[in-house]
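A.B. asks: Chains as they are written, first to last, in the working numbering: chain A, 726 to 1019; chain B, 629 to 1032; chain C, 21 to 342.
Just so you know, the hints here were simulated from the structure itself, not pulled from any lab data.
Given the structure is predicted, the values throughout are model-derived calculations rather than measurements.
The beta-carbon is built from N, C-alpha and C at its ideal position, and this holds for glycine as well.
Take the hints with a grain of salt, since some may be wrong.
What the hints assert, rightly or not - Covered by chain C, according to a simulated footprint, are these stretches of chain B (three or more residues, beta-carbon under 8 Å):
#, stretch
1, 840-852
2, 1003-1015
Stated by the list, open to error - Between beta-carbon pairs, the in silico distance windows are:
#, chain 1, residue 1, chain 2, residue 2, range
3, A, Ile822, C, Leu112, 47 to 55 Å
4, C, Gly52, B, Thr1002, 56 to 64 Å
5, C, Arg323, A, Val1001, 33 to 41 Å
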Amino acid sequence: MEIFGIPIQAFMGQLLLGLVNGSFYAMLSLGLAVIFGLLGIVNFAHGALYMMGAYVAWLGAEYAGIGFWWSLLLAPLVVGALGVVIERTLLKHLYKIDPIYGLLLTFGLALIAEGLFREQFGVSGQQYEVPELLQGATNLGFMILPNYRGFVVFASLLVCLVTWYTIERTRLGSYLRAGTENPSLVQAFGVNVPMMVMLTYGAGAGLAALAGVLAAPIIQITPLMGSNLIIVVFAVVVIGGMGSILGSIVTGLALGLVEGLTKVFYPEASSIVVFVIMAIVLMIRPAGLFGKEK
Amino acid sequence: MKLKKLTAACTLACAAMLGAVAPAQAQISGDTIKIGIITDMSGLYSDIDGQGGLEAIRMAVADMGGAINGKKIEVVYADHQNKADVAAAKAREWFDTQGVDMLIGGTNSGTALAMARVAAEKKKVFIAIGAATAALTNEQCNAYTVHWAYDTVALAKGTGNAVVKAGGKSWYFLTADYAFGAQLQNDTTNVVKAAGGTIVGSVKHPLSASDFSSFLLQAQSSKAQILGLANAGGDTINAIKAANEFGITKTMKLAGLLVFINDIHSLGLKTTQGLYLTDSWYWNRDAESRAWSRKFFEKMKRMPSSIQAGDYSATLNYLQAVKGTGTDDADKVLTKMKATKINDMFAKGGFIRGDGRMVHDMYLMQVKSPDKSTEPWDYYNVVQTFKGEEAWTTKAESKCALWK
Amino acid sequence: MSTSLADDKINRWSRITWGVGLALLVAAPFIGVYPIFMIKALCFAIFACAFNLLLGYTGLLSFGHAAYLGAAAYVTGWLVRSAGFSPELGILAGALSGTVLGAIVGFIAIRRQGIYFAMITLAMAQMIYFVWLQAPFTGGEDGLQGVPRGKLFGLIPLQNDLVMYFVVLAAFVAVFLAVIRIVHSPYGQVLKAIRENEPRAISLGYDVDKYKLLAFVLSTTLAGLAGALKTVALGFATLSDAHWSLSGEVVLMTLLGGMGTFAGPVVGAFTIIGLQNFLADRVGSWVTVIIGVIFVVCVVGFRRGFVGELLAWLKRRQPGKP
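Modelling step: build the complete structure from the supplied sequences, incorporating the hints.
C.D. replies: This is the structure:
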């Protein structure tokens, strides 16, 4: 059976793989959007935090026998704690000055992380076993889908939903949103704004690390895995609208699908299609699809 | 005046900075024989060459006694990180300022081509070991480049023919997107077609790709019998792993066009048993290769790949030529090398042709099943030996201007 | 009254220092410094000066500036190697490719300000990088190799490293002076006004976007010139020339040396290239870590950079002088 002259097998297969990729785009751009929306910092280190989450999982398995499910909890905590330390020692100096410095600082941090891990582990990458429960594959008829990849889609959707709900629908979320719009006023109400900001960066870092753990069984764990991804994630956030959480989730998933589609019809363009869309969106709607003009 | 002092201080600082950071211009040293290896020390090819290759070269130097006619032999090394510009710049710097006499390595065909160009310009010896592209002795041949261990033509003639004969008539290629992959796909295509097979299609993947799933899906939908892996090192390992994960191996057979013993070690015999591969050397081939390999194992805790053995052999033969001519002048040494047969633990009755190709036997091997393997690293059965000229580009096929 | 670190009137002492610097550069190959290293450093100094024009003097952070250096590198490389262009025409074409690409990217990006602008330039640069990766003429991972130096203007053979060096040095001096000229022109004054208070400049009736776009294109043209020179001198153009890590490095060179000063980017470029050269073989991946640390240190506590700090210190020592 064929769709547009392409066998349905290839079509659905690539679409499904695209959905998996899109889940990662969504999760990562979500973390970026949270940090940017609430802190005004463009966190270039997000890719490095994602990478570190994957390495924590791998190191845990390699040296301490810590399984995948525990790592899902442990890695975000470890990396989140690191994020808190970064915020307290370095980032807090930069809130009052030009935001480009925040970008440059996190860029420097990303380089440090990448260099350290490269020095320690080389670039060839480590393998991480798929957890036993999720091993094996299901024959979907049009392709054989490894079970783990299906799990990833569900897990990331869950994470995105929970995060979105927390920020947009709960009291804690409203404190966060108010705290960044008018910190002094919110502080006057007795809310500890600096603490909130610190925890927010930590939470964003934790989100990135969680994505890293989920990615570990699928791709090669290398020090460069974050930097390859981060620029695409930037484009996703720009398209979705900086600071819009819903925008990031929807755009991330959509872009994964578009990329998958491109691989079917015109594989050579799959790496640039995200950026082309970004350019088009910018011409038509500079604030992004879900963004508000600031 | 304070400003005057400050300006003077700045000037001195500038001078100091320039002096400190720029490498000093050394005299071209006639008192040491310097061998420089530039290879992949940290990336996807670091296992098959890398540190092990450096060690193999050091073993050759040690076997020559560390010095020739009183001149010390020195080895310098650098990591090209699979970047041709890094390799070329380092080679040029070494020739200009460090007095390097012989350049070796270049695992990664793109870097090897760049290094060959620099060596030809500076009129110094370059021995390509790990790089596969046959272009080094064909379209881009030059008087100063010797290609030692193997090349894409030999791989194609070996594995390509074997697989087609075993019934694999329709092929789909998964190709590493750079000089090596393209050349290997090209040479294998010629062999498969000549043997009566067909090429259904191909897809290119980036070097050191992290995820092969979408490429493999494309391969599967082509319905070809054989998935030809025109890649190497880490890429081959990951492609084979992913192919198993996605059940590609249920409908297609894998043909690893360039596989090293390190890859088999990584993947395990269960996954790779029955795989055909062509290689220039096997540690368990005969008593001499075994003896050397055990010495290597003591240092590196793993068995040498054919590239690492090639590093040793090339260095040894180069140094013997230097000893024989009493000079490290590139032209004289090359003439001597081209006139001398190679008889060491790597090759017997080998010789260097007019196009720079070191001609020796190649082996078609098949990976053993787990129950047949008697010790760690005992992975291969030698199925067929290609003697001498059989394996390589023939004079009729060659486009090398030097070899007519 | 001038409030920026670079005075409107160039200090006599600045001129003297630059003169000494130039003398050192002229003497360098004769006192044992490897000319190829100097050529590389000078090309990146040109790149950093171009970048500084945009960041230091216009206040725009382009985070994907390597795209223009890379584009020019490939265009020049291909024209000189495969189309038989003579070096000066190839270099000119390369610089122009920087102009064209800059115009396109600038047109899309200029609509957004500040941090968004930076992210868009980065994303566009990445897109261009992937185009180079796929395009057959660039040679992809292997790069464009074997670019001959040829004869400048058909007369002066450039094979000799010394001759090549002085050609590059001449180009560098020209760019340095050009940047000074641009900054001190009426156009440059408007740029400064835009950098310091954009809403005010708009209310005064200036078409701010046009000014910014012109600055962008000037900067990308000079960046292209750097890439073109580098390709002819070193003989190859590779993906590293268009990679985002190079974009990051040029930001660091400018920041470290001193944003908004004339000599700053040059100092920064030489320091970073020198550091990389010196450390590469000795410490491997630690180079990346060190670059990252310098970034962090600069952003947190050394925002004026070497030259900036120097000028600020000088100002403090002379109370009462404007």
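A.B. asks: Now look at each hint and say whether the structure bears it out.
C.D. replies: Against the structure, the hints come out as follows:
no.: 1; hint: 840-852; result: violated (count 0)
no.: 2; hint: 1003-1015; result: violated (count 0)
no.: 3; hint: A:Ile822 with C:Leu112: 47 to 55 Å; result: 40 Å, violated
no.: 4; hint: C:Gly52 with B:Thr1002: 56 to 64 Å; result: 60 Å, holds
no.: 5; hint: C:Arg323 with A:Val1001: 33 to 41 Å; result: 36 Å, holds
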